[in-house]
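Q: Can you make the complete structure from the sequences, with help from the hints?
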Amino acid sequence: MTKESADFERYFEHCLLLIKSGQADIDSVTERYPAHSEALRAHLQAALWLDAHKGALDPRPEFVRDSRKRLVSKIRQKRRAPLLWWERLSQYLNSPTLAPVAFVLIVMVLLIGSGTAVTLSENALPGDSLYNTKLILEEFALATSLDEASDAQLHLHFTRRRLVEVNKLLVERRYEQMDETVTAYEAQVRETLKTITDLAVTDKWQAQHLAIEFQQIISEQESILNKLGETVPISISPVVSRAVGVSQSGKEAALGLSQPPWNVPDPGNTPLPTSTRTAFPPSTSTPRATPTSAPTFTSVPTQVPPTEEPEEPPVPPTAVPPATATPAPSNTPNPPTATPLPTQTPTATPSNTPPPTSTTAPTETPTATPSNTPPPTSTPAPTETPTAAATSAPEVEVTSTAMSTPMDNNLETPAATATANP
Amino acid sequence: MLNWKEVEDPQLLKFAKDGDSDAFGEIYERNVKIIFGYLYANLDSRLDAEDLTEEVFLRAWGSLDGYHETGVPFSAYLLRIARNALYDHYRRSKHRSNQLAIENVNIVADADPTEAVSDNLQHAELREVLGDLKEDYRLVLVLRYLKELSPSETAEVMERSVGAVRVLQHRAIDAVRKLLGAADNKDD
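First to last, the sequence lines map onto chains A and B.
Our numbering numbers the first residue of the first sequence as 360 and each following residue consecutively.
Our numbering numbers the first residue of the second sequence as 6 and each following residue consecutively.
Bear in mind the hints are in silico, worked out from the structure with no lab data behind them.
Computed from a prediction, not measured in an experiment: that's the story for all the values here.
Please note that a few of the clues may not be correct.
Not everything, but these chain B residues come out facing chain A in the computed CB check (under 10 Å) [stated by the list, open to error]:
hint: 1; residue: Val-37
hint: 2; residue: Gly-67
hint: 3; residue: Arg-132
hint: 4; residue: Glu-153
hint: 5; residue: Arg-182
By construction, the Cβ of each residue, glycine as well, lies at the ideal position given by its N, Cα and C atoms.
A: What follows is the structure, encoded as structure tokens:
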């Protein structure tokens with residue numbers, strides 16, 4: 360476009376604007392550009408003629424309204440619901456070319472047996488044909504479990520499954536199953552917490568272990584859930600938020616169950632989750648630590664002013680439980696952020712020491728008695744873990760290499776031996 | 006509940022691609038004027054234009070997965086579908102070109118008869134002029150002067166540069182001017 364024609368276009372646009380806005384008429388605007396007066400007039404007349412006819416190309420409002428409704432309705436009809444497994448199978452069987460293939464497949468499936476089906480169903484997601492199989496197998500596993508601990512362990516496993524399902528559905532953008540999956544996840548979390556609470560009546564140690572594991576499982580998957588939640592459509596956000604809320608409430612509840620001293624649930628007043636969606640048992644111990652800080656159940660004797668937690672009876676320093684397996688944090692390369700908790704004086708007495716089924720052999724566990732222990736004059740003060748200073752660090756020294764392993768790992772690590780310094 | 010009016014085009018398209026029919030309803034509302042205007046500028050019958058408009062959006066829904074946002078606005082994609090639908094319509098119409106002229110009369114049940122007649126007259130005049138123009142002239146006039154899109158919006162929809170659109174509209178107006186002059190001379 361040459362400069363001259365560009366100028367002409369600019370004059371033309373300007374004149375047209377003035378006329379359309381009622382500020383001038385053709386005669387007055389063309390007078391402003393005498394060099395282009397005639398050409399401008401002709402172009403303006405043509406443009407104004409078109410402008411006068413523009414209403415003729417507008418769609419009728421009723422048409423727009425009705426047509427939109429019709430369109431949306433047609434689209435909804437066109438959207439195909441996902442086929443169920445037998446519908447897919449019948450499609451194959453009805454197809455003359457695919458029928459032999461389908462037959463061979465069926466025979467193969469029968470030959471391979473139910474074991475394969477079980478394996479396959481483990482990866483099924485809500486809406487998948489094998490998902491119901493997965494749920495039935497879960498029910499079966501629960502029905503055949505021998506004791507409460509196994510029940511709780513299974514529930515824990517199923518909680519992880521539900522949360523993984525939520526995440527996988529988000530990844531695969533199968534949003535239509537999201538709501539029911541989150542509801543199932545919520546129910547599973549509630550059931551798991553209830554089972555752990557029940558277990559605590561008979562086996563506190565195991566219940567505590569499971570509560571910590573529960574927190575870890577949720578934390579693991581929750582970070583993925585949060586990431587995925589950022590990418591979902593707005594319409595799905597509330598469902599994702601609900602899943603996040605369930606995870607957080609569940610973790611808080613589990614935190615309460617995991618911290619010593621164990622608040623032995625009284626069947627009468629244990630704040631079990633109710634039917635409301637986020638009403639999980641509130642954490643009974645303070646302060647709340649993040650579940651990633653593993654060694655919450657430290658048996659490090661503390662000298663805690665009893666005023667910090669009045670509801671807990673102060674523990675005399677002589678009642679130091681044996682340092683069964685927990686490494687003292689004094690040598691910990693990465694000190695735990697939330698523990699040891701000064702207020703959480705362990706109430707475990709030697710008689711309450713859990714059976715050493717999965718911990719260090721009790722024979723190698725000397726009982727450190729602070730009353731007889733000389734002051735730690737020769738032991739260098741811990742510099743890396745300030746929290747350790749508040750505990751009786753010099754009295755129990757862990758010589759194992761498994762210093763930074765999480766609590767549950769420590770419980771099962773026989774290498775974590777403890778020696779008492781004289 | 007989501008207020009679709011506040012959702013921007015790219016987000017709407019994402020929803021629609023995920024199968025949200027309401028989101029596509031909103032896309033329809035935002036683009037129907039341009040598509041209908043383009044079709045009606047090329048057709049004598051309003052009813053045909055309305056039918057084709059619906060067909061265009063249904064085709065667009067069916068091929069939504071094929072639309073990839075690469076800077077081309079969705080309205081340009083719709084216009085391309087509209088153009089194809091128009092050609093198909095022309096082909097179909099060839100086979101029934103001898104049908105009664107009454108089919109070309111725009112009778113709309115709800116419309117006010119006086120308004121309908123006036124609209125029909127205006128449309129007939131418009132068709133008479135636009136019908137003699139090249140297709141891209143017709144399109145640029147529809148977008149710039151009949152649907153009042155800005156030069157940059159028109160350039161986006163037509164997938165041309167703004168400069169090219171200005172040149173095109175200049176020539177198209179010039180062509181209209183000549184046609185109108187010729188019509189006046191004929192009347193005289």
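Q: Work down the list of hints and note, for each, if the structure agrees.
A: Hint-by-hint comparison with the structure:
The interface hint given for Val-37 of chain B is met, as the beta carbon of that residue sits about 6 Å from the closest beta carbon of chain A, less than 10 Å. Of the supplied interface hints, the one on Gly-67 of chain B holds, with its beta-carbon coming within about 8 Å of a beta-carbon of chain A, less than 10 Å. Proximity of Arg-132 of chain B to chain A holds as hinted, the smallest CB-CB distance being about 9 Å (cut-off 10 Å). A distance limit of 10 Å between C-beta atoms decides the matter here; for Glu-153 of chain B the minimum to chain A is near 7 Å, and the interface restraint holds.
Proximity of Arg-182 of chain B to chain A holds as hinted, the smallest CB-CB distance being about 4 Å (cut-off 10 Å).
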